Amino acid sequence: MNERKICFIMCVNSLEYEAEQIKYLQALRVPEGYEMEVLSIWDAISMTAGYNEAMGASDAKYKVYLHQDVFIIERDFIEKILRIFKIKEIGLIGMVGAVCFPENAIMWYGGRVGNLYGNMRYKTQKSKLRTVHEEYCTVEAVDGLLMATQYDLPWREDLFDGWDFYDVSQSREFLKAGYQVVVPRQEKPWCLHDDGFLNLKNYYRYREKFLREYC
Amino acid sequence: MNPEIRKDSEEYARQEAEREDVWQEKYGRKLPELCGRFDEILRGEDEGKTERLEVLLQSDEVKEHYQMTEEIAAVTLGVMIAKRERCPRKNEGILSGIVSVKQMESRLRKMRFAIYGMEFLDAEVAEEGLYQCMEEERLTIIGFVTGVVIMAVHPLRVMLFMEKCFERRKMYGIEIVLLEYITQMWEGNQRMVCKLAELYERMQGEENAVCLRKQLVDYPGVWVEREQIYLLQEKLWHLRYGDQEAVEELLEQMGETHRGEELLFLLLEQEKPWTPEQYLSVADAWFAAGRDHIGQRVLEIGNKETDGEVQKILQNMRNREKTDE
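Chains as they are written, first to last, in the numbering used here: chain A, 49 to 263; chain B, 2 to 326.
Hints listed in this document are in silico derivations from the structure and should not be mistaken for laboratory results.
Here the structure is a predicted model, which is why all the values come from computation and not from measurement.
Take these hints with a grain of salt, some might be off.
Stated by the list, open to error - Using C-beta positions, here's what the derived DEER-type ranges look like: (1) Arg-321(B) <-> Leu-259(A): 34 to 44 Å; (2) Gly-81(A) <-> Gln-245(B): 31 to 41 Å; (3) Lys-134(A) <-> Thr-324(B): 29 to 39 Å; (4) Asn-61(A) <-> Gly-37(B): 20 to 30 Å; (5) Val-86(A) <-> Glu-322(B): 45 to 55 Å.
Unchecked claim - Straight-line alpha carbon distances no greater than 16 Å define the calculated EDC-like cross-link-like pairs of lysine to aspartate or glutamate that follow: (6) Lys-71(A) <-> Glu-125(B); (7) Lys-236(A) <-> Glu-246(B); (8) Lys-111(B) <-> Asp-117(A); (9) Lys-71(A) <-> Asp-117(A); (10) Lys-249(A) <-> Glu-21(B); (11) Lys-257(A) <-> Glu-11(B); (12) Lys-171(A) <-> Glu-71(B); (13) Lys-71(A) <-> Glu-129(B).
Positions of the beta carbon are idealized from the N, C-alpha and C atoms, including for glycine.
Please model the entire structure based on the sequences and the hints provided.
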């Protein structure tokens, strides 16, 4: 395991998005003594399968799993993440998370914390989320738009074979393993999510799966 | 739906799941067919295309069930931009060369990327992205700027960036159109009015320039260089139009200026009256930044300039709060 390496991992299906995201990754400042790599996983059968494949392929201690439509705009992102990961108990960092996970497991119906610019097609704006005032805030789950880890825990591809609930499941796996899951304070958003509209076609099916497994 | 059901409850989730299933079954399945109808119009004759697209967009079916889909959002934005474009030349404009909804989505995506780049990437990369997008996508400047208003986090900042790019490349014709658009939509930027007058003088002769220069404020009693006043006034202009991050920048600039706050108040007093809401939002930004005395002064000036309207709105807000309690 290379302790001074950070790997950015994305499952992609669009050359346009991949090229654009790389522009933002190339603009990041890499702290002295560290190296950075980018892994694009094409044709993944599911998010968990793609992420497991990338996890096995990289020797970086720090891994940042992000959607292809998330652009990191905070140039000191790596340094800021590394600072938080100095606390060994913290396993997973997200940009947006739920402090108290809602009874029905739908993250956006619980009070979410964090900061983010989002494009909802008719408008681009700062998402309405609660502010984190301390250096970071412990949460029960983070949004899969970006998940940074300092330990490798397998993604549950045995359960989540689609594109939903892999994030909440992985948050639970980190908590089960005894690590903290956190959202850092971001005075200005660290990321822009060109997300558009949610596709919920299979979302509720995976919600049922999640509830059966974890609740 | 029962309003008593909490959104984080299991019952609510089940209802949501049911609604989603119904939508998928009744409408989601028909989306490709609907896109086919839009494709047909896009492939058709240019004459009246925007209007035909709009008629379909305005149909009850589309308005009620499809507005929150990627495909229909793309057509809606395309039409919105096309309507703003001032008679684009043949083979130019947001709809030019577009024969399918998918292509429309792709064009808008490229625009978003270019716009995000101007906000968040290095200037050189962003500038390259801007020209590439405008050329390859055959966009008009008005079409592009309309996109900026919709897609940028900070539209005014992106437009100022574009102004600098066009200035550097001596693309004065486009720069004039851009500045005319900005000064009409977001009036009151003194530096920009001055710049536009200069460009008129250079490109179109004296007459328009003279007319425009009449809008410039003299700033009697202001002791710093005109350039410095414009820098400060431009930040105030950002703030007036909702860019709250301008507070920090204003504070920084005021710090560099001898008697900074005094200068700010002088500028504020010499602004042409804003709307009451603008005074309130600017005051709010100062309060949020912990500069209550500046916020208070903005309210006083606003109240004077709007014949007490600011005070009335504040009083109404307070009354509402009391009623709510």
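So which of the earlier hints does this model not fit? Hint 3 alone not satisfied by this model.
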